[in-house]
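Asker: Sequence:
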Amino acid sequence: MRFFINKGICKRKYNGNVSVRQKDGIVTLRIPNYDEVTKEQQYVEFIIPHIEESMLKTDLWIYNLVLEEITENRIVFSEKYDSCTGEIYALIRSTEFVPDDVYIPKEKSKDVKVIRRIRFVDDECDLGDFLSNVYFIKIKLDRKEKLPVYLTYEDSKNLWKAIVFARNAEGVWIANTEIKPEKNYDGKYISLSELM
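For the sequence shown, the working numbering begins at 1 and goes up steadily by one.
Hints listed in this document are in silico derivations from the structure and should not be mistaken for laboratory results.
Please note: incorrect hints may appear among the correct ones.
[Unchecked claim] Subject to a maximum C-alpha distance of 25 Å in a straight line, what follows is the list of computed DMTMM-like cross-link-like pairs (lysine to aspartate or glutamate): (1) K11 with E154; (2) K11 with E178; (3) K7 with E87; (4) K7 with E45; (5) K108 with D129; (6) K106 with D155; (7) K161 with E194; (8) K113 with D24; (9) K138 with E53; (10) K113 with D101; (11) K11 with D82; (12) K180 with E87; (13) K7 with D129; (14) K157 with E87.
[Claimed, not checked] Here are the computed distance ranges between Cβ atoms for each label pair: (15) T95 with L195: 18 to 24 Å; (16) R74 with G25: 16 to 22 Å; (17) E36 with K146: 33 to 39 Å; (18) K157 with T71: 21 to 27 Å; (19) W160 with T71: 34 to 40 Å; (20) E53 with L195: 27 to 33 Å; (21) F130 with E52: 27 to 33 Å; (22) E69 with Y185: 27 to 33 Å; (23) I115 with K180: 21 to 27 Å.
All of these numbers come straight from a predicted model, not from anything done at the bench.
Think of the CB as a built atom: it goes at the ideal place given N, C-alpha and C, for glycine as much as any other residue.
Please construct the entire structure, taking both the sequences and the accompanying hints into account.
Answerer: Right under this line is the structure:
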């Protein structure tokens, strides 16, 4: 299976929220998860083989992985050859706006499963603290199908920038960042949080 990580995951890493460790060809991506009841943050770890920390500065495709284990605080991938299937995993975070969120077309909600939403306290010098959203999702598309995933803000009415996932006629997955302005006054697009 394929795994896509957008570059927003490690953006603003300087404030100590998201951390990356690398050892023996395996990267551990640690993302804090804020508990609104206890006001504490526990880390959720993504264990990913065959990547380098420097690769996380751009949108990244990782091939031939299987989801080996998923617990409350650990998501472990292992290397295994897998032919091109109609499903991928993706780890998505919007860093374009504050407070951030991710939207998809409501009619495509059957094609996306939110496996986990991770929220952590982030900050912007002009706006103060806010909860940032990281979504770990599974996307399923048929050949010649597309899914725009909008990187936007909470309660968004104007959508602008999207990662467009697509499968071509041969079944190959593609992800391109595109400017695709859309209005969301009629609820045609929904937050991934509504799929939980």
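Asker: The structure should be examined with respect to each hint, and the outcome stated for every one.
Answerer: Each hint, compared with the structure:
1. K11 with E154: The hint holds at about 19 Å.
2. K11 with E178: holds (19 Å)
3. K7 with E87: holds (21 Å)
4. K7 with E45: The given pair, whose Cα atoms are some 17 Å apart, holds under the 25 Å limit.
5. K108 with D129: violated (32 Å)
6. K106 with D155: holds (14 Å)
7. K161 with E194: holds (20 Å)
8. K113 with D24: Violated, because 32 Å separates the two Cα atoms, which is more than 25 Å.
9. K138 with E53: Holds: K138 and E53 sit about 23 Å apart, inside 25 Å.
10. K113 with D101: holds (16 Å)
11. K11 with D82: Judged against 25 Å, a Cα distance of about 30 Å means the pair is violated.
12. K180 with E87: Measuring from Cα to Cα gives roughly 24 Å; hence the hint holds.
13. K7 with D129: Answer holds: K7 to D129 is near 21 Å, not above 25 Å.
14. K157 with E87: At roughly 29 Å apart (the allowed maximum being 25 Å), E87 and K157 break the hint.
15. T95 with L195: 18 to 24 Å: holds (21 Å)
16. R74 with G25: 16 to 22 Å: Because 18 Å falls inside the window, the suggested range holds.
17. E36 with K146: 33 to 39 Å: holds (35 Å)
18. K157 with T71: 21 to 27 Å: violated (37 Å)
19. W160 with T71: 34 to 40 Å: holds (36 Å)
20. E53 with L195: 27 to 33 Å: The hint (27 to 33 Å, Cβ to Cβ) holds, given that E53 and L195 are roughly 30 Å apart.
21. F130 with E52: 27 to 33 Å: holds (30 Å)
22. E69 with Y185: 27 to 33 Å: violated (42 Å)
23. I115 with K180: 21 to 27 Å: holds (25 Å)
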